[in-house]
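Trainee: What follows is each chain in one-letter form.
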Amino acid sequence: MHNLSPLRVYDFVEGRRPTRRLTTIAFLSAVGIALFVLESYIPMPLPFLKIGLANISSVIALMMLGTTSMLTVVVLRVVVGSLFVGTFMSPAFVLALSAGVVSAAVMAIVKAISKNFFSALGLSLIGSITHVVVQLLIVRFVYVQNAAILQLLPLLLLTAFIGGLIVGLISVRLLSALKQARI
Amino acid sequence: MKMITLGDKILIVVVFLCTVGSFFAKNLLASQGSLVIIELKEMPVYKGKLTEDRKVTIKGAYGDVRVQIRGGNVAVVHADCPNKVCVRTGWRSLSGETIICVPNQVIVRILGEERNEVRGITG
Amino acid sequence: MNRCIGITLSLILFFSSCSRNQLHRYSRESTAMETYVSVTIYDADVSQERADALVDSAFSEIHRIENVMTDYADTSEVGLINVNAGKDTMEISQELAELLRKSFSFSEQSNGAFDVSVGPIVKAWDFLSSEPKIPSKSKMRMLRQLVGYKNIVVEGNKVFLNAKGMRIDLGGIAKGYAVDKAIEILKRNGVKNTIVDLGGNLGVWWDGTHSLDSAVAEILVRHPRKEGKFFGSLNVGTCGVSTSGDYQRCFIKDGVRYHHIIDPATGYPAKDVVSVTIIADDAMTADALSTLVFVLGREKGMEFIKKSKGVEGLIVWEEEDKLSYELSPGLQGKFKRSDD
Chain L
1207 MHNLSPLRVY DFVEGRRPTR RLTTIAFLSA VGIALFVLES YIPMPLPFLK IGLANISSVI
1267 ALMMLGTTSM LTVVVLRVVV GSLFVGTFMS PAFVLALSAG VVSAAVMAIV KAISKNFFSA
1327 LGLSLIGSIT HVVVQLLIVR FVYVQNAAIL QLLPLLLLTA FIGGLIVGLI SVRLLSALKQ
1387 ARI
Chain E
127 MKMITLGDKI LIVVVFLCTV GSFFAKNLLA SQGSLVIIEL KEMPVYKGKL TEDRKVTIKG
187 AYGDVRVQIR GGNVAVVHAD CPNKVCVRTG WRSLSGETII CVPNQVIVRI LGEERNEVRG
247 ITG
Chain C
503 MNRCIGITLS LILFFSSCSR NQLHRYSRES TAMETYVSVT IYDADVSQER ADALVDSAFS
563 EIHRIENVMT DYADTSEVGL INVNAGKDTM EISQELAELL RKSFSFSEQS NGAFDVSVGP
623 IVKAWDFLSS EPKIPSKSKM RMLRQLVGYK NIVVEGNKVF LNAKGMRIDL GGIAKGYAVD
683 KAIEILKRNG VKNTIVDLGG NLGVWWDGTH SLDSAVAEIL VRHPRKEGKF FGSLNVGTCG
743 VSTSGDYQRC FIKDGVRYHH IIDPATGYPA KDVVSVTIIA DDAMTADALS TLVFVLGREK
803 GMEFIKKSKG VEGLIVWEEE DKLSYELSPG LQGKFKRSDD
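Chains as they are written, first to last, in the working numbering: chain L, 1207 to 1389; chain E, 127 to 249; chain C, 503 to 842.
Any given hint might turn out to be false.
Okay, the calculated beta carbon distance ranges per label pair [what the hints assert, rightly or not]:
| hint | chain 1 | residue 1 | chain 2 | residue 2 | range |
| --- | --- | --- | --- | --- | --- |
| 1 | C | Ser-549 | E | Gly-147 | 52 to 58 Å |
| 2 | C | Lys-802 | E | Lys-185 | 23 to 29 Å |
| 3 | L | Met-1250 | E | Cys-144 | 21 to 27 Å |
| 4 | E | Asn-209 | C | Ser-562 | 15 to 21 Å |
| 5 | C | Asp-715 | L | Phe-1290 | 29 to 35 Å |
| 6 | L | Ala-1240 | C | Lys-811 | 34 to 40 Å |
If you're looking for bench data, these hints aren't it; they were derived computationally from the structure. What you are looking at is a predicted structure, and each value in this text was computed from that prediction instead of being measured. Think of the CB as a built atom: it goes at the ideal place given N, C-alpha and C, for glycine as much as any other residue.
Working from the sequences, and respecting the hints, build out all of it.
Mentor: Here you go:
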């Protein structure tokens, strides 16, 4: 019988309630998938220009639960999300998964190394830029044997910059709201 | 950890500058252009930019092979060789293209970024 | 710290598992049949030695065909036929006999717009010399008598040219044929992806693709008037592509352009169009049809393309120094006009 006491951020970080941890991971993944699917309905001039709202759940997972949880959320989100959207096992899926994992890892490493130098905002920005750069590199070296594809870099960087800011700002607000909720 | 830090602000500025910078870098790279390399008996004897107008004369087995680089194009304008296929090839400008004088063992190559692309030129 | 190492390791693992077959490009250039030739093979893992050997075999085949078909040497099969015009019946290879028969088929389909007996006229114009000249009207009248594919008699492996002075010129079909044969050799040796370029006559072979249904190779079409620049591009899979243009072998005298694509009916360069690019199932067809359609002109040429199976084309003409073009139905939406 589980004791349904109120959700406290404190509890997760301390690892005191492993089941809660699991359910939160599931919850955040679900949120990520929902955001991912919703975002696919927003019309964009070019198919690969995304704001990346689903990353909000990844960032929150990182800040609240830690690296392994975040990686789990990212993988779950990309895999299940692609099943919903119908891109499972397609090149887009491979790109999303690789870039997602790498950018998540980079965010985790930066957070571990720099302690509190960056907030969720800075980390989101790092994550979004890494995501876009990794995607471009993979496309360049694996799919399209043509350097002309690099012409897209400035535009992609701009989208990543804006997307990272949006995701970061939302994440920061959410995190402080969650923190306040414990009080 | 939950408030916007100084690190964030510095990062925002840096990333913004890089993004803006990448727009300029892209334009700069585009006008860099390709290289012209002339080989005699498979050894490079001239290397220069396609954007630099020049006249180069190579001495091959049959005689002179005169190469001209002008306005982003390159051509063999004169050659002492029996068939003059090289001269009749005309002007070339795309990276990957070559003009070749077999008797004189001279190859004019245009080198650029695209190394592995699948492409053919007709006309 | 352990966590960071763990992350980095999984990153490396992830990247290495993402590797896909990168196609490498092996290419060699040379000259053949009075023009440049390049053989390119695309393969994920073939050694340089093997690639060299494959390219060697392709070049040998092209040179072999050159030695059979060239009319610049009296010792080639074609040369011998020409030397013995009006005199002797010559015995020829099955290969040449079949090529002649295919040429006649193109002649019949086009009512003589394509004609390999146009040799005497082409020789009189002498486009490759440093001083090409315009044949006089009386000379032209006499030369026209010698033109007519029906005067080439082919029975089995025997050929006879009916009149002295007749000449066979395979310039409108031999290069495409050579490209097809070179690709055949490469295919027989296991090559799955290749592009052979003989003076702008292209043969694209990409396993599992077909013509305009696929987009593996980018084909650039040269600009007929701006040297070094391009008119447009299209993407194809396995097919043959060829272009006939009035700028390829020509000279300008008194402001008039004289080029090498002769209208067999008049003996003079065909005037209606400036450049014709044909995409067909093989390079030989593309080569022959690009000449054929050029001679037919804008209207009849496009008609011919439309009624030919597996053939698409681009016709470019000039009106008061401005270029206009028309695409066959199958090329609509697939040709990208450059802003060169």
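Trainee: Now look at each hint and say whether the structure bears it out.
Mentor: Results for each hint:
no.: 1; hint: Ser-549(C) - Gly-147(E): 52 to 58 Å; in the structure: violated, 43 Å
no.: 2; hint: Lys-802(C) - Lys-185(E): 23 to 29 Å; in the structure: violated, 51 Å
no.: 3; hint: Met-1250(L) - Cys-144(E): 21 to 27 Å; in the structure: holds, 22 Å
no.: 4; hint: Asn-209(E) - Ser-562(C): 15 to 21 Å; in the structure: holds, 19 Å
no.: 5; hint: Asp-715(C) - Phe-1290(L): 29 to 35 Å; in the structure: holds, 32 Å
no.: 6; hint: Ala-1240(L) - Lys-811(C): 34 to 40 Å; in the structure: violated, 52 Å
Figure legend: structure checked against the earlier numbered hints; hints not met, in rising order: 1, 2, 6.
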